[in-house]
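*Asks:* Sequence:
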Amino acid sequence: MSPRRTVWLATLADLACAAPPAISGALPQVGNQPKPDLKVRVELAKERRTDGVHVRMRFRVINAGAGPAAPSTLGAWCVPAAGGACPALAGQYEQGPAVEPGATGVVRLPTPAIPAGGAVVVMGPATRPWLDGHYTIRAVADVLQTVAETIEANN
1 MSPRRTVWLA TLADLACAAP PAISGALPQV GNQPKPDLKV RVELAKERRT
51 DGVHVRMRFR VINAGAGPAA PSTLGAWCVP AAGGACPALA GQYEQGPAVE
101 PGATGVVRLP TPAIPAGGAV VVMGPATRPW LDGHYTIRAV ADVLQTVAET
151 IEANN
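Using the numbering used here, the letters of the sequence shown correspond one by one to residues 1 to 155.
Hints are computed from structural coordinates only; laboratory data are not their basis. Being a predicted model, the structure only gives us computed values, none of them experimental. You can take every hint at face value.
Restraint ranges, calculated between C-beta atoms of paired labels, are given here:
(1) 148 x 60: 17 to 23 angstroms
(2) 126 x 32: 40 to 46 angstroms
(3) 93 x 136: 15 to 21 angstroms
(4) 91 x 33: 37 to 43 angstroms
Backbone N, C-alpha and C fix where the C-beta goes; we use that ideal spot for every residue, glycine too.
Using the sequences and the hints, build the whole thing.
*Replies:* Pasting the structure below:
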């Protein structure tokens, strides 16, 4: 055996007899990676014009989880008070089926990837003039459920 190989074998033998290193904190297990947890906050900007009130929607999507979130789709919709109608959107937007009775179709907005603990702002649609009345704007992060999260029910 060459001297170089002998040293290498001795080093391996020393490591095999040594005590395992101390580990502080829990390490993630293979196949048990940290997951994201997406949440959304609706932010509305109202502007009174001569033809009525116009609204611009924007959404703050927060990843409160320990893992990064892949790109996803945010869904937003309007629910008018009894018998009313939500205003038309200014522009073309991808829409999906209504998710609750009385709601308009769900506007689908692309959401970029979000690192763990991070947040992004997703600009939503602007509307044509609103009629007087009461409206509720709702939104769901990851409306198509493509991101596996720690808590799916809090989007």
